[in-house]
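Peer 1: From just these sequences and the hints, can you work out the full model?
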Amino acid sequence: MKIKTLIIEDNENNMYLISFLLQNNNHEIHQAYDGQKGVELAKALIPDLILLDIQLPKMNGYEVAREIRKDESLRDVPIIAITSYAMPGDQEKALVAGCTGYIKKPINPDTFLEEIESYLD
Amino acid sequence: MIKFQDLSIKLKLISIQLFTTLFILVFFVGIYLFSQYHQYESRAFSRMSTLAEILGSNSISALLFFDNDAATEVLESLETQTDVLNAVVYDHNGDIFARFNRDSNSDYSFGVMTSEMQTAGDDHFILTKRILFDDLKVGWIALRLDASNRRVELIEAVWQSFLLFIAGIILAGLLSIRMQRPISGSIGMLAETARQIKESGDYTIKVKLSSRDEIGMLVGSFNDMLEKIHNHEQHLEQLVAERTVELEAAKTKAEESDHLKSAFLASMSHELRTPLNSIIGFTGILLQGMAGPLTEEQSKQLGMVKGSASHLLELINDILDISKIESGRVQVYDEAFKIDLLLVMAVSSLRPFAEKKGLRLRHNIESGLPKLFTDKRRLEQVLINLINNAIKFTETGEIIVNCYHKDDSLTIDVIDTGIGIGEKDLGTIFETFRQIDTGLDRVKEGSGLGLAISKKLVELLSGSITVVSEPGVGSTFSIVLPFQVETSSDED
Numbered sequence: 775m776k777i778k779t780l781i782i783e784d785n786e787n788n789m790y791l792i793s794f795l796l797q798n799n800n801h802e803i804h805q806a807y808d809g810q811k812g813v814e815l816a817k818a819l820i821p822d823l824i825l826l827d828i829q830l831p832k833m834n835g836y837e838v839a840r841e842i843r844k845d846e847s848l849r850d851v852p853i854i855a856i857t858s859y860a861m862p863g864d865q866e867k868a869l870v871a872g873c874t875g876y877i878k879k880p881i882n883p884d885t886f887l888e889e890i891e892s893y894l895d
Numbered sequence: 002m003i004k005f006q007d008l009s010i011k012l013k014l015i016s017i018q019l020f021t022t023l024f025i026l027v028f029f030v031g032i033y034l035f036s037q038y039h040q041y042e043s044r045a046f047s048r049m050s051t052l053a054e055i056l057g058s059n060s061i062s063a064l065l066f067f068d069n070d071a072a073t074e075v076l077e078s079l080e081t082q083t084d085v086l087n088a089v090v091y092d093h094n095g096d097i098f099a100r101f102n103r104d105s106n107s108d109y110s111f112g113v114m115t116s117e118m119q120t121a122g123d124d125h126f127i128l129t130k131r132i133l134f135d136d137l138k139v140g141w142i143a144l145r146l147d148a149s150n151r152r153v154e155l156i157e158a159v160w161q162s163f164l165l166f167i168a169g170i171i172l173a174g175l176l177s178i179r180m181q182r183p184i185s186g187s188i189g190m191l192a193e194t195a196r197q198i199k200e201s202g203d204y205t206i207k208v209k210l211s212s213r214d215e216i217g218m219l220v221g222s223f224n225d226m227l228e229k230i231h232n233h234e235q236h237l238e239q240l241v242a243e244r245t246v247e248l249e250a251a252k253t254k255a256e257e258s259d260h261l262k263s264a265f266l267a268s269m270s271h272e273l274r275t276p277l278n279s280i281i282g283f284t285g286i287l288l289q290g291m292a293g294p295l296t297e298e299q300s301k302q303l304g305m306v307k308g309s310a311s312h313l314l315e316l317i318n319d320i321l322d323i324s325k326i327e328s329g330r331v332q333v334y335d336e337a338f339k340i341d342l343l344l345v346m347a348v349s350s351l352r353p354f355a356e357k358k359g360l361r362l363r364h365n366i367e368s369g370l371p372k373l374f375t376d377k378r379r380l381e382q383v384l385i386n387l388i389n390n391a392i393k394f395t396e397t398g399e400i401i402v403n404c405y406h407k408d409d410s411l412t413i414d415v416i417d418t419g420i421g422i423g424e425k426d427l428g429t430i431f432e433t434f435r436q437i438d439t440g441l442d443r444v445k446e447g448s449g450l451g452l453a454i455s456k457k458l459v460e461l462l463s464g465s466i467t468v469v470s471e472p473g474v475g476s477t478f479s480i481v482l483p484f485q486v487e488t489s490s491d492e493d
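Chains as they are written, first to last, in my numbering: chain A, 775 to 895; chain B, 2 to 493.
Derived from the structure by calculation, the hints contain no laboratory data.
Predicted, not measured: the structure shown is a model, and the values here were computed from it.
Please note that the accuracy of each hint is not assured.
Short derived list, chain B residues pointing at chain A, Cβ under 7 Å [as the list claims (entries may be wrong)]:
#1 L210
#2 K252
#3 S279
#4 G282
#5 G285
#6 I286
The beta-carbon is built from N, C-alpha and C at its ideal position, and this holds for glycine as well.
Peer 2: Structure (structure tokens):
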């Protein structure tokens, strides 16, 4: 049984990188390139895991997280923020918005999978 | 006892006038009383002399004709002169010829007549005089006058003087109260105005010019000074207002640019990391062989790409860090934790890098240290930076991390046996971008910001960082942090 993972990320390279890393590790990948699309897909798919970039067009990551958490059926889905923000408080903001955890950019392929594992039961 | 110099000017002036008056009165009343006393005597003698003259000449015929009765009759005319006590007429031999006694039983013996004389006794005056007829002595006349009045009169004069004295003092007092007014009034007004100005700070108040004397000059100068102060103050206020406007404009501009700077930083952070994210990520994937096998040369070159990308990321992180610190955007999250655990973790994570260079990295931590209450992540960042530097600049030997407490603070020493720092660089080593100027081997890659960041972070944690070094022997970087009182209640 593959893990149904939704990646919400606007940068094509990063999307490819994350997808590549997860595809080879038993994840079924679904992609959204903006926040709005991400919320729609999340509601439609009810994924097992959501990877969420913070700086997104149309709707930023915090709003996406808040929107997703409003849906009863998405309440317990782990949302992992991928933060490239270096400003203080960004990670805290992500957690307040409803994210389960965060991974700092740039993604380190050596440890990325382990980090993801730790958020899945 | 109030001292004279502490009295108000009004009281001073009044008392000066009163004392002057008092002194003059005492002086003149004294002279008056003295002369009164003496005049009484001379008046008495001159009267007695006149009486003796008259009585004497009236007695001449009686003496010439040996008519005692006629002489006694002459003397009895003294009845009207109530203060004459005794009077005696002597013949030319000095024998008593006729006598008059005011009280019949109060005879008085004048003694032997030898020469004319006048004597002042305590309560009586005595005068003896020749009776001459055509320059021929025909007898003597002697008078005794009651002088007990003299004391009464003197007392009366003293009493009168005293009343005059009191009246004089009262008059002088009233006059001086009236006359000191222009002087003490203007000085008082000046003092009162000065007080008002002091309390209100209103320099537009003016003192009314009341006279053209020295006080008037003082008031004039005072008003001039007030005007100058007022003008100066207005000028200052104007300056302050101008500067405030300028400062506000500058502040708005600074805030604006600060806001722009932080927005720029946030976006740069994102923009710079996004491509790096791909570079590091894909290089990692390729190196791990996830996308297929690589030749040795390809692995080597990809390793260089990864190393450079990591270095670039480090630079970006450092620049962002120093920008954040310098713009005061670093928040400190204090928590209580055990320093030994943090140190052991930091040392263990860096030990592989030290061992790769053939260096020993060890720690020496005092046991039983109390918990530290500070920002754990920031302290860790500083420690890793210092240990990393030590590894970077040491070729042989070892790196020791000592941790111990001293008084109310904790000291962490990072000691290396590296190249050391020259004396002229020691002072500037914690300044931003300093490494570039030191001429140190550029192989030791870094942004040159590590120590500046470390210093600023340690200061942010209320601590201090210092360095002692000898070129070719090694360096010791010391962090001193206070054991702050723990305000949170978490325990493990």
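Peer 1: Taking the hints in turn, state whether each one holds.
Peer 2: Hint check results:
Hint status for L210(B) relative to chain A: violated, with the closest Cβ pair at about 68 Å, above 7 Å. At its closest, the beta carbon of K252(B) sits 23 Å from a beta carbon of chain A; the interface hint therefore is violated under the 7 Å criterion. This hint holds: S279(B) has a C-beta 4 Å from the nearest C-beta of chain A, less than the 7 Å allowed. Below 7 Å, beta-carbon pairs count as interface contacts, and G282(B) has one with chain A at about 4 Å; its hint therefore holds.
The closest approach between the C-beta of G285(B) and any C-beta of chain A is roughly 3 Å, which is under the 7 Å cut-off, so the hint is satisfied. Using the Cβ-Cβ criterion of 7 Å, the hint placing I286(B) at the interface with chain A is satisfied: the shortest such distance is roughly 5 Å.
The earlier numbered hints that this structure contradicts are 1 and 2.
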